[in-house]
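**Student:** Each chain, letter by letter, is given below.
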Amino acid sequence: MALVEVKNVRKTYRREAEELTVLDGLSLEIAEGDFVALMGPSGSGKTTLLNLIGGVDQPSSGDVVVGGTRLTGLRGKQLARWRARNIGYIFQLYNLIPVLTALQNVELPLLLVKMSGKERRERARHALDIVGLEDRLKHFPRQLSGGQEQRVAIARAVVSDPTVLLADEPTGDLDRKAGADILTLLDRLNKEFKKTIVMVTHDPTAAERAHRRLHLDKGVLSNGPS
Amino acid sequence: MSLLSLVLVNLGRNKRRTILTALSVLVALFLFCALRGVLDTLEASIRVGSEARLVTRNAISLIFPLPLSYQERLLTVPGVRSVSYANWFGGRDPVDQSNFYAQFAVAENYLPIYASDIEIVAFDRPQVAGAVPPGVDPKLAAFMNERDACVVGERLFNRMKWKLGQTVPVSGTIFPGTWTFTVRAVYHAKNPAMNEEAMFFHWKYLSEKGMGGQGQVGWYVLELSDPGQAGAVTRAVDALYANSAAATHTETERAFQAGFVSMYGNVPFLIGVIGLAVVFAILLVAANTMMMATRERTAEFGVMKTLGFDDGTIFRLVLVEAAVITFGGGALGALLAKLVIEGSDFNAMGLLPPMTVRWATVLVGVAIAVVIGAASGLVPAWQASQRRIVDALRRVE
Ligand SMILES: Nc1ncnc2c1ncn2[C@@H]1O[C@H](COP(=O)(O)OP(=O)(O)O)[C@@H](O)[C@H]1O
Ligand SMILES: [Mg+2]
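Order-wise, the sequence lines are chains A and B.
Sequential numbering of the first sequence, starting at 1, is according to the numbering used here.
Sequential numbering of the second sequence, starting at 1001, is according to the numbering used here.
Quick caveat, the hints were computed from the structure, so don't treat them as lab data.
Errors might be hidden in some of the hints.
Here are some chain A residues pointing at chain B (derived, C-beta under 7 angstroms) [claimed, not checked]:
1. Asp57
2. Ala80
3. Tyr89
4. Asn95
5. Gln104
6. Leu111
All values derive from a computational prediction rather than experimental measurement.
Every residue gets a Cβ at the ideal spot worked out from N, C-alpha and C, and that includes glycine.
Modelling step: build the complete structure from the supplied sequences, incorporating the hints.
**Tutor:** Structure (structure tokens):
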């Protein structure tokens, strides 16, 4: 059985009187340990699909099952807890909390878990170690480069050891070199730490790093060429 | 890091805004507690009045006197044990017109009524040994035996730097002329609500020198044999003089004292309203701060929810953040009110007991501050917790 199963999902947004259908009967399976690149023009619904897999939003109809859990059956608090345990989310613009240090940013998801302050710090430090920022613990986001910020964000995403990493254009705001480092890091997380990764990207060279490329256009998914 | 330190870090985001808000809460709670203290003090000032004593005055107004002849008839009313009387003298310090203190001309048996409220702490010995009337403190012997002697409150005595045996001049206003009184004893108010800046002298002296021996009485004080009969005695006394030239109005001593306080008009009511208005104004200030503080963090709340923070946790974080600001400001303001008001020494020229801000008031103040905080955070906390993640995150893009 696949780790991620998206079954005949429909997603519409209401905007004033208008109803906008973003995904219309989309189905998708992702195996455990896979590294999938999701491509497609802007506005095609890539972020929307990522949000549905991550339990950040609910489909208008259809089912999303991740690791055997039917997300469409979960409500508010349960879904939040499920996200905390199972999903690591990486944003294009890093979305770190500006008033927290790198270490504190990484500790943030651990506040939801019962553990001592010391253990929390140890774990966060270890995560920053993995992304190569062990010497930037006390730095605030504004004191870091874009590439470093994104690595802190990745540390935050993996610190609670989730099964799935969802990355929404993680290199979209970075220069080529920094972007390449992030891709290498994701690659390592996939191979070494067995994380299942779904990454949205516009960059064909970035997509090359994935095992599988999917194209989304006007709500329709294809294993398109390019 | 803990959830609480997260709250504190957030408070530090816009230090100026946090401090200004805390300061306005501080000022508001200072005002609230100070006003509350004034109200309590006003209320305490009538506590000296007993429910077991009645005061009979002219029905028209306190400024109209009653004939001395009423005394004997009052004594015949069933339930009345003894009758005493006093006059308001209303004199001024001839040297310093602005230096006001109360003077009362009192009957021989007047001070003994208040024996449990006052204590004679300094007194002259009489030049000629003489017995004091029954019930009168023997320490007042010198006072009792001298026509123009007076007893003064300790506070007044110390403030004026008087000495025992000293002659004190007073210019009369209601009873014109320059009057002199010799200080023969000093009393300490055991009951803090008792005026300790007053002077008591012999009613007889006032009658002879000021009223040509035609004694007129400001008010009568009736001691009852049974306090339970206060109502019946009140009706009996007022019925007695209902059709006479000087009709009477009788009430409990406490009600009489309350009447004095209400000479300040609707001050207590006004003070109460001001206190509430201040608290309400500050609620709006705090709410505005929290609204701004959360709106600019909309995307961050979206991120935190994506990480797994549930709506309830976000709601509580905002609420606690608001309460911490107002708690800090409020606690400081309330404590400051206690320190400043109690240190002020203000007692309305002896008409009021010393100002106090009770600990209960300080606690209520702090509680109000916390409630203001929570209330000011309610709407922003609700908005932050209910906004859907996808909508919150799209605000940055
Ligand atoms: N929260 C939302 N409310 C209303 N419309 C939305 C919302 N999120 C996305 N959309 C719309 O849905 C479509 C797909 O958006 P999105 O999934 O962000 O596309 P992509 O990530 O592929 O650029 C767009 O037209 C976008 O305007
Ligand atoms: Mg997108």
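**Student:** Interface hint check: A/Tyr89, Cβ to nearest Cβ on chain B, cutoff 7 angstroms. Holds or violated?
**Tutor:** holds, 5 angstroms
**Student:** Taking 7 angstroms as the limit, does the beta-carbon of A/Leu111 come near enough to a beta-carbon in chain B?
**Tutor:** Since the shortest Cβ distance to chain B is 6 angstroms, the answer is holds.
**Student:** Against chain B, with CB atoms and a cut of 7 angstroms, does the hint on A/Asp57 hold up?
**Tutor:** The hint holds - A/Asp57 has a Cβ within 7 angstroms of chain B, the shortest such distance being about 5 angstroms.
**Student:** Going by Cβ atoms only, is A/Gln104 closer than 7 angstroms to chain B?
**Tutor:** Interface hint status for A/Gln104: holds (5 angstroms vs cutoff 7 angstroms).
**Student:** Once the shortest beta carbon distance from A/Asn95 to chain B is found, is it less than 7 angstroms?
**Tutor:** Holds, about 5 angstroms.
**Student:** Classify the hint on A/Ala80 as holds or violated, based on whether any CB of chain B lies nearer than 7 angstroms to its CB.
**Tutor:** holds, 4 angstroms
Checked against the numbered hints above, the structure breaks none of them.
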